[in-house]
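Trainee: Let's have the full structure, built from the sequences with the hints guiding it.
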Amino acid sequence: MEKLLQMKGITKRFGDITANDRIDFELNKGEIHGLLGENGAGKTTLMNILYGLYTPDEGEIYINGAKVEIKSPHDAIKLGISMVHQNFKLIQSHTVIENVALGLKDTNFFYPNRQIEKEIRTFSEKYNFKIDPNVPVWQLSAGEKQRVEIIKAFCRKARIFILDEPTTMLTPNETRDLFRLLKFLREEGISVILITHKLDEVMNICDRVTVLRGGKKVGTIDIDRVDKDDLARMMFGQDIILKEREEYSISFDEDIVLEVRDLTVFSDKGLPAVKDISFDIHRGEILGIAGVSGNGQRELIEAITGLRKVARGSIKILGEDVTNVGTKEILNKGVAHIPEERMRVGVIPSMSLEENIILRSYDKSPFSNGILLDYSVISEYAKELISRYKISALDEKIPAGTLSGGNIQKLILARELSISPVLIIASHPTQGLDIRSTQQIHELLLRKKEEGCAILLVSEDLQELMDLSDRIAVMFNGTIRGIIDIDRASIEEIGSLMVGV
Amino acid sequence: MLKRYKNIGLSFLVIFLGLFAIYLVSSVRPDIMFRSIALSAFGSIYGLTETLTKSIPLMLCGLGLSLSFRSSVWNIGAEGQLLMGAVGATWIALYIMPNAPKFLLIPAMFLVGAICGGMWALIPAVLKVKFNLNEIIVSLMLNYIAIEFVNYLVYGPWKSPYEWGFPYSTKFPESAQLPRILDTRVHYPTLILALILAVILYIILYRSKLGYEIRVIGDSIDAARYAGLDIHRVVFLVLLLGGGLAGLAGVGEVAGIHHRLRVASGISSGYGYTAVIVAWLGRLNPLLIVLVSFLFGGLLVGGDAIQVSLGLPGSTINFINGLILIFVLVQGFSKTRFSTIKRRGGK
Ligand SMILES: Nc1ncnc2c1ncn2[C@@H]1O[C@H](COP(=O)(O)OP(=O)(O)OP(=O)(O)O)[C@@H](O)[C@H]1O
Ligand SMILES: [Mg+2]
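Here the protein sequences line up with chains A and B, keeping their order. The first sequence: position 329 = 329 (the working numbering), numbered continuously. The second sequence: position 122 = 122 (the working numbering), numbered continuously.
No wet-lab data here; the hints were simulated from the structure. Since no wrong hints were added, every one of them can be taken at face value.
Calculated pairs, DSSO-like style, for lysine-lysine (alpha carbon to alpha carbon, straight line, at most 30 Å):
no., chain 1, residue 1, chain 2, residue 2
1, A, Lys-390, B, Lys-209
2, B, Lys-209, A, Lys-383
3, A, Lys-328, B, Lys-209
4, A, Lys-397, B, Lys-209
5, A, Lys-364, B, Lys-209
6, B, Lys-209, A, Lys-333
7, B, Lys-130, A, Lys-309
8, B, Lys-130, A, Lys-269
9, A, Lys-309, B, Lys-209
10, A, Lys-328, B, Lys-130
11, A, Lys-333, B, Lys-130
12, A, Lys-364, B, Lys-130
13, A, Lys-316, B, Lys-130
Mentor: Encoded structure:
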């Protein structure tokens, strides 16, 4: 096998944290190479180094045996390296073509758009990877935005594609399309580095995997020589029992915590996004919402949490009408909200962990006396939550934006669950988390259920919904297509309701 | 990383080109110009006291602006708010309680001046919250309205019959004049007030509930909404407080220096605009802003001096201010770029 890329002895420190510790990484031509590791293992950091976003403290990079210096993404792109981040950096108001055109060097001087449009169309036909080049990016779903990023990389003639957790925001169908594309690319000799937490995906598509743990490399191994349990052991250094749903009986009280009646809500574009929806969630019940994203789930959650105006219908929490009363008042009824977009909405990346932890309760005693904040109490409290929820961070004063993806999610959970909620609204709570953190969070949610919380769980991961929910409501095109008890639900049935059949 | 150095290089280039342009049209060498500015502003006791005098309004306006900038509310109406403060003080001193004793009159002038400045700043707040109008444009337009209003007063109803037709109001009674240090123009009550307010603002920003809200809203409006923060309340408060501080600056100018209301350009040589630069260069940190206003006070004093000594036009110093503003903005820009990249590293 031809070695396309070698990274040798890469070390990167952030203050006292060694995010990458003398890591060797090799990539062959035309392979799909999985990069695995628990949250905070250093995967993104290593790839950011390859993409020129960080300069390593030590180590060298070779491409085709020749040493290269990658000082910026610009250098990386010139060397044929492209990276698709989890937070896309597209310009919302521009069209797909314009976004692709940005950062392309050798386009025609005249009518560059025509050339690019042609290229995009050829690409999407050849690989059956659909995208309309002329729509503005803000109208696209997460999966479509990702396609734009991939097409951008392709038009730059990339030889190495780095995909950082590309499937977390994709529907099962989109994931299938993406993997089909990656296999095509592999046949053409393009190499792909795939960061993911889903072991099934790794087993399914990768040729080799490299596992990192605590900033160090554990090993690189051919995929035919391992199974999922081996991988989990490599990642965590201990056996992880990959649990199936425990047989617990569906049990919840009669008391209704959340009552939604004939709810109609409009989207940003002014069209009805939620149409005449009614449902209840009882004490100690987890109601799962399944559905392809963009079918009204976001608007439903925003309406319940007071972030979006209710056009018609009513919402009651513990019998009290909270329709259009404002976010603060709703949250103060004991509602925890784990939002979908954690970086943009769930945390303030520039502010410290402690200041993020009090976002819900900064105005209450003992953190505030009404005018001033008591930072010694706040810092004690933050320390306690950081250790209780096993958030790996240097201390409570570092900016939240420097945490790894999984730890940011734990930070949000710590904040939201510590308010002793009666109702938890959880949107994709384990998106981007490693198996162990996912299990921890599932356990947390189940414990809250036992304590009597009502939980609304929105997820695109059907397995997660099946594992946790007592009942599953399927949303399609703004309506609920049926609420199914879990013991009578099958993935197939839910899957077909999701696409409106 | 590389980008950052590029930007620094770029902003130095802009400054260099700007100075070269001054040299081309006036044949005054930049080093001589800066020497002259520095000497006149900081090279003598007189220069230093003048610098200090000019730093007072810059400090108050800059502090006020920093609050709203920190919460991403782009108030650039400090100039108008300052003038309305001056109007309020004049009204009290000449028409409401001219015979009151000093210990009542002076606090009343500061109080009413602050209220007038604050109310003036509430106009963009209301229009922004109620009608979603852009506060930059509204606060800027209100500057011109305030200027015209002051000029109308001193040419019209408030024009003094005792000033040989000059556009002045009547002179303030002695009890409405601020004490000064010896025979300088440093009206120290305003200075002390400004310094105390700087410390209070620092505490507000980094230790108080309001400051926390201001920073959350400034850094992530989406997170603020998600957490149910009352964003409108904060917008109102930062504009009200900021306008109030600018209003105090206006009181200081008329009660401490001119002892009367004059045409707008006589009261403020663009302090409200210079304060925008002061606030940014002070990184919106109240304590740094105090330092930076002193430096800019010096720049204004020096600007006056080079008109006389080097025959440069009065607007030269505005030109230099503009260059500095570009420099600051480019730096700020590269800084945020840098931090988003860093942040992305954490994914
Ligand atoms: N810019 C930064 N400043 C400080 N620390 C950082 C920065 N970027 C990453 N880190 C730290 O380096 C470690 C590795 O982070 P990295 O983002 O590479 O993890 P990851 O393997 O991608 O995790 P995840 O699966 O959660 O995305 C973490 O402890 C993180 O807190
Ligand atoms: Mg990562």
